[in-house]
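A.B. asks: The whole structure should be built from the sequences, with the hints applied where relevant.
Residue numbers (UniProt numbering), protein chains in the order written: chain C, 1 to 236; chain F, 1 to 236.
What the hints contain is simulated information worked out from the structure, not anything from laboratory work.
Since we're looking at a predicted model, the values are computed, not measured.
Backbone N, C-alpha and C fix where the C-beta goes; we use that ideal spot for every residue, glycine too.
Misleading hints may appear alongside valid ones.
Stated by the list, open to error - One-sided and incomplete, this derived list gives chain C residues near chain F with beta-carbon spacing under 7 Å:
hint, residue
1, Ala112
2, Ile114
3, Met122
4, Ile165
5, Gln168
As the list claims (entries may be wrong) - A partial selection of chain F residues facing chain C, derived with a Cβ cut-off under 8 Å:
hint, residue
6, Ile74
7, Pro76
8, Ile88
9, Leu90
10, Leu94
11, Gln98
12, Glu102
13, Thr103
14, Gln115
15, Ala118
16, Asp125
17, Gly130
18, Pro133
19, Lys160
20, Ala161
21, Val221
Unchecked claim - Here are the computed lysine-lysine pairs in the PhoX-like style, where the Cα-Cα straight-line distance is at most 20 Å:
hint, chain 1, residue 1, chain 2, residue 2
22, F, Lys142, C, Lys157
23, F, Lys197, C, Lys72
24, C, Lys157, C, Lys167
25, C, Lys207, C, Lys157
26, C, Lys72, F, Lys167
27, F, Lys72, C, Lys157
28, F, Lys207, F, Lys160
29, F, Lys72, C, Lys167
30, F, Lys142, C, Lys160
31, C, Lys160, F, Lys72
32, C, Lys157, C, Lys197
33, F, Lys28, F, Lys220
34, F, Lys207, F, Lys197
35, F, Lys220, F, Lys207
36, F, Lys6, F, Lys28
37, F, Lys142, C, Lys142
38, C, Lys142, F, Lys157
39, F, Lys157, F, Lys167
40, F, Lys157, F, Lys197
Number of protein chains: 2
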Amino acid sequence: MATQVKPVLHGYFRSSCSWRVRIAFALKGIEYDQVSVNLVKDGGQQCKVKPMCFIVCRCNIASLPQLTDQYKTINPMQQVPAVRIDGITLSQSLAIIQYIDETRPRPPLLPADIQQRAQVRMISDLIASGIQPLQNIYVLQKAGEEKLQWAQHFINKGFKALESILKQTSGTYCVGNEISMADICLVPQVYNAERYKVDLDQYPTIKRINQTLMELEAFKVSHPSCQPDTPDDLRA
Amino acid sequence: MATQVKPVLHGYFRSSCSWRVRIAFALKGIEYDQVSVNLVKDGGQQCKVKPMCFIVCRCNIASLPQLTDQYKTINPMQQVPAVRIDGITLSQSLAIIQYIDETRPRPPLLPADIQQRAQVRMISDLIASGIQPLQNIYVLQKAGEEKLQWAQHFINKGFKALESILKQTSGTYCVGNEISMADICLVPQVYNAERYKVDLDQYPTIKRINQTLMELEAFKVSHPSCQPDTPDDLRA
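C.D. replies: Quick look at the structure:
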């Protein structure tokens with residue numbers, strides 16, 4: 001199934017769903033090209049308050065969305081990420097990650113045990129359907145003035161549930177002692193929580209697993225602070 | 001993996017995510033028990049404007065959420081559905097459906113072809129992460145006065161993208177000519193769109209596939225209008 005043509009990731013340095021796909025590529029050791037799709041016009045460079053740019057200042061919110069008509073043909077949903085791979089174009093990060101996993105199986109991103117696989121998908125979906133969509137920039141834009149409170153509300157609601165579930169399922173990582181798609185979802189969501197000033201001390205299991213994962217090379221090289229489209233003033 | 005103990009679905013007649021799981025059980029011919037978790041106190045029976053109860057009248061919105069502490073131990077996220085099956089408890093409808101599919105493979109709910117599997121997951125996630133979370137009752141409650149407009153905005157945004165994708169992927173059903181998880185997600189989302197008065201004539205492919213699916217027994221028996229917890233005045 002895999003061809004000699006490198007996959008192309010249409011993403012954005014600070015998009016948590018793009019980061020998920022970057023982690024998957026890094027864990028698999030797959031080389032890929034990146035095309036930056038600017039979710040925020042001028043990439044936040046106008047803003048001097050670095051990591052909280054979307055919330056603290058209003059300079060960029062008003063300019064959303066600035067996606068080109070060309071990108072609509074790549075992802076009609078006009079969101080990132082989208083990946084061109086093996087002759088097809090896929091959107092939705094979990095669908096992309098599972099496709100990568102089924103076509104490039106080593107190392108696996110889903111456990112061999114069926115019940116553990118279900119737990120990995122449950123945790124991944126809790127984040128991907130239950131938290132992230134409610135604090136992404138399109139929704140915050142529509143939520144009006146109370147962006148920070150809105151984001152914190154839904155992240156805290158999700159993290160309370162996630163903490164409780166991880167106490168049952170986790171070992172070193174989210175499900176047992178092998179890295180999985182659940183971990184790929186966890187780290188970018190914790191990054192978002194930090195941007196929205198959520199107090200992570202309430203969630204010791206989430207915090208512990210995130211810290212363990214952030215020691216790993218695949219999570220470091222894919223971090224928003226060191227992507228090709230990361231503005232100079234946001235680089236680590 | 002399958003045991004003699006019937007699975008138990010904790011759900012709610014009108015929850016679109018619960019309906020997804022009911023369709024999967026029906027397509028597989030799996031018997032299961034249902035436990036009703038009231039998302040709306042008194043099940044909407046106080047309201048005389050039947051299908052639009054959540055939006056048109058305010059009698060029930062104020063009483064959300066009324067979930068018991070007992071249910072928190074079943075699903076810490078305090079949402080439906082959750083399923084007790086084979087000795088484990090799972091939440092998140094797509095994780096549940098894929099678990100059912102992996103343990104009870106006939107008929108399959110994901111295509112054998114890897115690229116088609118990815119398309120099924122992409123469409124399922126577009127609905128499950130990109131549309132449904134933004135028009136569910138918890139979010140509408142927080143969205144304030146403009147509930148109907150909010151729901152319509154996000155359903156229309158998602159359906160425009162979905163219509164475009166389905167023009168590429170569909171045959172008789174969402175992906176080719178076999179029923180899949182994507183179809184299981186489509187029908188309950190169309191039902192929600194109709195409740196929120198979205199004009200489906202804008203989306204001829206969605207409308208056509210939905211009509212075809214609604215002819216099938218598995219989609220009929222699982223419909224919100226004929227569940228054990230459907231109030232008498234909402235029965236078909």
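A.B. asks: Confirm or reject each hint.
C.D. replies: Outcome of the hint check:
Contact between C:Ala112 and chain F, as hinted, is not supported at the beta carbon level, the nearest pair being about 11 Å apart and thus beyond 7 Å. Hint status for C:Ile114 relative to chain F: holds, with the closest Cβ pair at about 5 Å, below 7 Å. The restraint placing C:Met122 at the interface with chain F holds, with a minimum CB-CB distance near 4 Å, inside the 7 Å limit. Taking 7 Å as the C-beta cut-off, the interface hint given for C:Ile165 holds, the closest approach to chain F being about 6 Å.
About 9 Å separates the beta-carbon of C:Gln168 from the nearest beta-carbon of chain F, more than 7 Å, and the hint is not met. Interface hint at F:Ile74: violated, since its Cβ lies 11 Å from the closest Cβ of chain C, which is beyond the 8 Å cut-off. At a threshold of 8 Å, the smallest CB-CB gap from F:Pro76 to chain C is about 4 Å, leaving the interface hint in force. Contact between F:Ile88 and chain C, as hinted, is supported at the beta carbon level, the nearest pair being about 6 Å apart and thus within 8 Å.
The interface hint given for F:Leu90 is met, as the beta carbon of that residue sits about 5 Å from the closest beta carbon of chain C, less than 8 Å. For the restraint placing F:Leu94 at the interface with chain C, the shortest Cβ-Cβ distance is roughly 6 Å, inside the 8 Å limit, so the hint holds. Among the interface hints, the one on F:Gln98 holds; its C-beta lies about 6 Å from the nearest C-beta in chain C, closer than the 8 Å criterion. Residue-level restraint check for F:Glu102 holds (minimum Cβ-Cβ distance to chain C is 5 Å; threshold 8 Å).
Hint on F:Thr103 holds. Least Cβ distance to chain C is approximately 6 Å, under the 8 Å limit. At a threshold of 8 Å, the smallest CB-CB gap from F:Gln115 to chain C is about 6 Å, leaving the interface hint in force. Below 8 Å, beta-carbon pairs count as interface contacts, and F:Ala118 has one with chain C at about 4 Å; its hint therefore holds. Checking F:Asp125 against chain C by beta carbon gives a least distance of about 4 Å; that is within 8 Å, so the hint holds.
The restraint placing F:Gly130 at the interface with chain C holds, with a minimum CB-CB distance near 6 Å, inside the 8 Å limit. The beta carbon of F:Pro133 is positioned within 8 Å of a beta carbon in chain C (closest approach about 4 Å), and the interface hint is therefore held. The interface hint given for F:Lys160 holds, since its Cβ lies 7 Å from the closest Cβ of chain C, which is under the 8 Å cut-off. Given the 8 Å rule on beta carbons, the hint for F:Ala161 holds: about 4 Å separates it from the nearest Cβ of chain C.
Taking 8 Å as the C-beta cut-off, the interface hint given for F:Val221 is violated, the closest approach to chain C being about 25 Å. Restraint check: the Cα-Cα separation between F:Lys142 and C:Lys157 comes to about 13 Å, which is no more than 20 Å; the hinted pair holds. Distance restraint check for F:Lys197 and C:Lys72: the Cα-Cα separation of roughly 26 Å exceeds the 20 Å cut-off, and the hinted pair is therefore not satisfied. With a C-alpha separation of about 16 Å, the suggested pairing of C:Lys157 with C:Lys167 holds against the 20 Å cut-off.
Among the hinted pairs, C:Lys207 with C:Lys157 is consistent with the structure: their alpha-carbon atoms are about 16 Å apart, no more than 20 Å. Simply put, C:Lys72 and F:Lys167 have alpha-carbon atoms about 14 Å apart, close enough for the 20 Å limit, and the pair holds. Between F:Lys72 and C:Lys157 the CA atoms are separated by roughly 12 Å; this keeps the pair inside 20 Å, and the hint holds. Between F:Lys207 and F:Lys160, the direct Cα distance comes to roughly 12 Å. Compliance with the 20 Å bound is thereby established for this hinted pair.
For a cut-off of 20 Å, the pair hint linking F:Lys72 to C:Lys167 stands: about 14 Å separates their Cα positions. Distance hint between F:Lys142 and C:Lys160 is fulfilled; the C-alpha atoms sit about 18 Å from each other, no more than 20 Å. This hinted pair checks out: C:Lys160 and F:Lys72 have alpha carbons roughly 11 Å apart, not beyond 20 Å. With a C-alpha separation of about 14 Å, the suggested pairing of C:Lys157 with C:Lys197 holds against the 20 Å cut-off.
For the hint linking F:Lys28 to F:Lys220, the alpha-carbon distance of about 14 Å falls within 20 Å, and the restraint holds. At roughly 14 Å between alpha-carbon atoms, F:Lys207 and F:Lys197 fall within 20 Å of each other, so this suggested pair holds. For a cut-off of 20 Å, the pair hint linking F:Lys220 to F:Lys207 stands: about 16 Å separates their Cα positions. For the proposed pair F:Lys6 and F:Lys28, the alpha carbon gap of about 13 Å is at most 20 Å, so the pair holds.
At roughly 12 Å between alpha-carbon atoms, F:Lys142 and C:Lys142 fall within 20 Å of each other, so this suggested pair holds. As the CA atoms of C:Lys142 and F:Lys157 are separated by approximately 13 Å, the hinted pair is consistent with the 20 Å bound. Only pairs whose Cα atoms come within 20 Å are accepted, and F:Lys157 paired with F:Lys167 is accepted, the gap being roughly 16 Å. A C-alpha spacing of about 14 Å is found between F:Lys157 and F:Lys197, which places the hinted pair at or below 20 Å, so the restraint holds.
When held up to the earlier numbered hints, the structure conflicts with 1, 5, 6, 21, 23 and fits the remainder.
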